[in-house]
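Chemist: So you can see what is in the structure, the chains are spelled out below.
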Amino acid sequence: MGNNEPKTVCFMCNFVFCREEMEAPPNVNPVRVMCIGRIDPVVVLDTLANGADGVMLVGCQPPDCHYLEGNVQAERAVKMLKKLVTLAGLESERIRLQWVSPLEEKSFYSYAQEFTEEVEKLGVSPLKGEKLQPELVTNVLAAKNAASDFRLRVLLGREKELTEGVNVYGEKLSAEDFDFLLDEIVREEFIRHKIHLLTKVKPLSVKGLAEAVGMKPAAVLRQIVDMRRRNMVALDHVDGTTPFYKALEVK
Amino acid sequence: MAKSNNTNVKRRLPPCRSACPARVNVQGYVALLQRGKFNDAVELIRKDMPFPAICGRVCFSPCEDACARTNVDQAVAIRALKRLVADVEHETGRVKSKSIPKKHKEKVAVIGAGPAGLTAAYELAKLGYPVTVFERMSELGGMMRYCIPDFRLEKFVVANEIAHIKDLGVNIKTGVEFGKDITIESLHKDGYKAVFLAIGTQLGMKLNVPGEDLEGVINAVDFLRAMALGEHVDVRERVAVVGGGNSAIDAARMAKKLGAKDVMILYRRSREEMPALPHEIAEAERDGVKINLLVAPKQIIGQNGKVKAIECLRMRLGEPDESGRRRPVPITFSEHQYEVDTVIPALGQVAEMSCVPKEMLEKEARAPQLHVDSATLETNMPGVFAGGDVATGPASIIEAVGAGKKAAVSIHLYLAGKDLRSGREDVEETTWVKNWGHIAKKERRYESPAEKPRLSFEEAKDYLEKTEEKAMFEAFRCLGCGPCAECLADLELCEADKAVVDEAACIGCNVCAVVCPFGAIKKNEEEIAQVNEDVCKGCGICAARCPEQAITMKKLPNEKIMSLALVALKE
Chain A
64 MGNNEPKTVC FMCNFVFCRE EMEAPPNVNP VRVMCIGRID PVVVLDTLAN GADGVMLVGC
124 QPPDCHYLEG NVQAERAVKM LKKLVTLAGL ESERIRLQWV SPLEEKSFYS YAQEFTEEVE
184 KLGVSPLKGE KLQPELVTNV LAAKNAASDF RLRVLLGREK ELTEGVNVYG EKLSAEDFDF
244 LLDEIVREEF IRHKIHLLTK VKPLSVKGLA EAVGMKPAAV LRQIVDMRRR NMVALDHVDG
304 TTPFYKALEV K
Chain B
38 MAKSNNTNVK RRLPPCRSAC PARVNVQGYV ALLQRGKFND AVELIRKDMP FPAICGRVCF
98 SPCEDACART NVDQAVAIRA LKRLVADVEH ETGRVKSKSI PKKHKEKVAV IGAGPAGLTA
158 AYELAKLGYP VTVFERMSEL GGMMRYCIPD FRLEKFVVAN EIAHIKDLGV NIKTGVEFGK
218 DITIESLHKD GYKAVFLAIG TQLGMKLNVP GEDLEGVINA VDFLRAMALG EHVDVRERVA
278 VVGGGNSAID AARMAKKLGA KDVMILYRRS REEMPALPHE IAEAERDGVK INLLVAPKQI
338 IGQNGKVKAI ECLRMRLGEP DESGRRRPVP ITFSEHQYEV DTVIPALGQV AEMSCVPKEM
398 LEKEARAPQL HVDSATLETN MPGVFAGGDV ATGPASIIEA VGAGKKAAVS IHLYLAGKDL
458 RSGREDVEET TWVKNWGHIA KKERRYESPA EKPRLSFEEA KDYLEKTEEK AMFEAFRCLG
518 CGPCAECLAD LELCEADKAV VDEAACIGCN VCAVVCPFGA IKKNEEEIAQ VNEDVCKGCG
578 ICAARCPEQA ITMKKLPNEK IMSLALVALK E
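Chain order of the listed sequences is A and B.
Sequence positions in the first sequence follow this note's numbering and run 64 to 314.
Sequence positions in the second sequence follow this note's numbering and run 38 to 608.
Bear in mind the hints are in silico, worked out from the structure with no lab data behind them.
Since we're looking at a predicted model, the values are computed, not measured.
Hints are not guaranteed to be accurate.
Subject to a maximum C-alpha distance of 27 Å in a straight line, what follows is the list of computed BS3-like cross-link-like pairs (lysine-lysine) [to be verified]: (1) B/Lys133 <-> B/Lys498; (2) B/Lys192 <-> B/Lys230; (3) A/Lys191 <-> B/Lys607; (4) B/Lys535 <-> B/Lys479; (5) B/Lys243 <-> B/Lys226; (6) B/Lys560 <-> B/Lys535; (7) B/Lys479 <-> B/Lys455; (8) B/Lys455 <-> B/Lys140; (9) A/Lys223 <-> B/Lys535; (10) B/Lys210 <-> B/Lys192; (11) A/Lys235 <-> A/Lys145; (12) B/Lys192 <-> B/Lys293; (13) A/Lys223 <-> B/Lys560; (14) A/Lys263 <-> A/Lys223; (15) B/Lys607 <-> A/Lys194; (16) B/Lys84 <-> B/Lys507; (17) B/Lys74 <-> B/Lys139; (18) A/Lys142 <-> B/Lys507; (19) A/Lys184 <-> B/Lys607; (20) B/Lys597 <-> A/Lys191; (21) B/Lys607 <-> A/Lys145; (22) A/Lys223 <-> B/Lys471; (23) B/Lys192 <-> B/Lys135; (24) B/Lys133 <-> B/Lys203; (25) A/Lys142 <-> B/Lys203; (26) B/Lys230 <-> B/Lys144; (27) A/Lys235 <-> B/Lys560; (28) A/Lys142 <-> A/Lys235; (29) A/Lys145 <-> B/Lys597; (30) B/Lys507 <-> A/Lys235; (31) A/Lys265 <-> A/Lys142; (32) B/Lys591 <-> B/Lys535; (33) B/Lys597 <-> A/Lys146; (34) B/Lys163 <-> B/Lys559; (35) A/Lys223 <-> B/Lys559.
Here are some of the chain A residues that sit facing chain B, going by a computed Cβ distance under 10 Å [claimed, not checked]: (36) Val96; (37) Ala140; (38) Pro189; (39) Phe213.
Note that beta-carbon positions come from the ideal geometry of N, C-alpha and C, so glycine has one too.
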């Protein structure tokens, strides 16, 4: 196989109809899991970090799901993943959630092919090969850390409760409001984890960080304040009148 | 006894399994068939009941009636598949199972070696009890051996299945009659701590019309039993069978095979109300049995003490009765006669209660009836349980198997001194399909062969391969309604995966309980998540969502998914 051909990984629900001898297109490699809702967002980001050109998640066409709402869970995860990947500077099209009717035999092949072609258009993953951009590597790692962070995972796990139920004050969150909230929290978490990674290498000042992440110093400072409260960073030293921060070990 | 009804385990099972009185894991063995694992499939059936080959032939298959596929086209041919896996096992030879070590000291007596008694013995032997089965006849199997004719259920099939039960170390005593050679007291005296009474229904019901004592009137049960014992019965030329159940069909087909020229079935309702299985009725008609509907006998006319004719009345259908079937109403002046030599009443059976102690009978019932708790199968005598046909009236093999399993659970709880009502399973039906429209229609392609073809060695191999292929196609028609069938398939995924909580890392945020589709994971009083392994189906959604990553899956943790993904990338 040539170097230019895209490599994609396909996570697949165990119950999507497909026989043992089912063929996948040559560059698509299916990994079977019990339910597509089983896929941890961290795993998807890790796969991308390891040089996959694309990741496809194949689940059963809603409303049918052997685990009643596993596919809805996957949909939520993918929504968040796309936001994270875009922030990291990758194309969100590299992740695709594909519904397949659990009893169709043919469709999987054509969907997989379609996805491969689309990924081919995007080109080889910038996370592969010799010419790695160090910033992108940090970005993807930050995204991965954000996805394994408590805050995002709780939000994901409670989406149904938040959007379908009412809270103790009898307020209801609309899907749009939730999306807005998710956007904001994803951005914040991503930035925080990026700051965390940068300060891990060497202590940095707010100004230095603002340059590195491309944000206004005031916005960075707000994150630093939050991060100090959460024991993610601490003051390292003060150079003149400029404080420098370094990362703390996060469990 | 301790009060408890809430400790019962609630399980979500696919429709086929919840419809089966013996709770056979249908989806599981069909899934194994999809992978061509015939021997594993039959072992999986044996986990739930001891008669795969018998039920594969004569079960009335409530599973097929419940099958969700009926919403699309036609039920999966479950019975035929079961027969196939049992037959393949028979052809290839089964590994003899080892005797199970006796963990318990308490001796258990089972009276009657029919499906209920044998199943109870099988289940109790698996639990490690020393079990003795007492049987009046010389051969085991009860009605399966003596009342189902050879052309429906071969004798060697019954013998084979029972041999597997004997292999487990069940003690069997034949030629022992309950009420004569043994009684409940004598069993207690011999040290049996529990008794399961499964003597079935042995007496054929009478027609209650004049002329029933004439020569040439023989009850279907007696007729079939005589045939099974190899006795000679002369049915002569013209035979009338009265009744519409499976015994009636069996007796009629048997008479035809014995050489009777004209065999007719007289049934008082219409064809829809016939309790016999539709395909059995079709087979009988193929054999040349005539079916006269909406007629009931009024009297049997004799000549020189022998049957000469049967006089019948025409019937019409009236209002539905308590069984839900329309009640037949005689039409006046519609008497007519059929010239016959033999009359075989096949109206069902009743239990022979003369051998049962009087205090065990229901006091206010019209006919003698056992006093049995339908949930636990207890009788009013401590340590004595009763089930199967003797408790319910004539039913089916699979219901008797269900009763045998229930009795085994009760006896196990009773001997351990526990509450008989707790620890039982509640069942809820589940189907994942909500949208029937998108399921492609696939017609049934596999049916059990009516007769085995006679083939040479080379042809047989070819035939078997083709049959297996067809059966696998049929198995793929299964929609797999339940989430994970726990079918023991040797695939990493299909081994039932279970969630494991790292209790030190759990912070009690309750996200797992929110995302679990089956309610298998909940916080305890100490705010730590606990997994109910009986309910957990191993989807792993909780592991994918746990904010502290404190939940992992036993078989497929995140690290394993990751390594599989890396392997996939390298390929």
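Chemist: Taking the hints in turn, state whether each one holds.
Modeler: Hints and how they fare:
no. : hint                  : result
1   : B/Lys133 <-> B/Lys498 : holds (24 Å)
2   : B/Lys192 <-> B/Lys230 : violated (33 Å)
3   : A/Lys191 <-> B/Lys607 : holds (13 Å)
4   : B/Lys535 <-> B/Lys479 : violated (34 Å)
5   : B/Lys243 <-> B/Lys226 : violated (38 Å)
6   : B/Lys560 <-> B/Lys535 : holds (17 Å)
7   : B/Lys479 <-> B/Lys455 : violated (49 Å)
8   : B/Lys455 <-> B/Lys140 : holds (18 Å)
9   : A/Lys223 <-> B/Lys535 : holds (24 Å)
10  : B/Lys210 <-> B/Lys192 : holds (19 Å)
11  : A/Lys235 <-> A/Lys145 : holds (25 Å)
12  : B/Lys192 <-> B/Lys293 : holds (20 Å)
13  : A/Lys223 <-> B/Lys560 : holds (19 Å)
14  : A/Lys263 <-> A/Lys223 : violated (36 Å)
15  : B/Lys607 <-> A/Lys194 : holds (20 Å)
16  : B/Lys84 <-> B/Lys507  : holds (25 Å)
17  : B/Lys74 <-> B/Lys139  : violated (31 Å)
18  : A/Lys142 <-> B/Lys507 : violated (43 Å)
19  : A/Lys184 <-> B/Lys607 : holds (21 Å)
20  : B/Lys597 <-> A/Lys191 : holds (22 Å)
21  : B/Lys607 <-> A/Lys145 : holds (24 Å)
22  : A/Lys223 <-> B/Lys471 : holds (20 Å)
23  : B/Lys192 <-> B/Lys135 : holds (24 Å)
24  : B/Lys133 <-> B/Lys203 : holds (10 Å)
25  : A/Lys142 <-> B/Lys203 : violated (59 Å)
26  : B/Lys230 <-> B/Lys144 : holds (6 Å)
27  : A/Lys235 <-> B/Lys560 : holds (26 Å)
28  : A/Lys142 <-> A/Lys235 : holds (21 Å)
29  : A/Lys145 <-> B/Lys597 : holds (24 Å)
30  : B/Lys507 <-> A/Lys235 : violated (54 Å)
31  : A/Lys265 <-> A/Lys142 : violated (33 Å)
32  : B/Lys591 <-> B/Lys535 : holds (6 Å)
33  : B/Lys597 <-> A/Lys146 : holds (26 Å)
34  : B/Lys163 <-> B/Lys559 : violated (33 Å)
35  : A/Lys223 <-> B/Lys559 : holds (17 Å)
36  : Val96                 : holds (6 Å)
37  : Ala140                : holds (7 Å)
38  : Pro189                : violated (16 Å)
39  : Phe213                : holds (4 Å)
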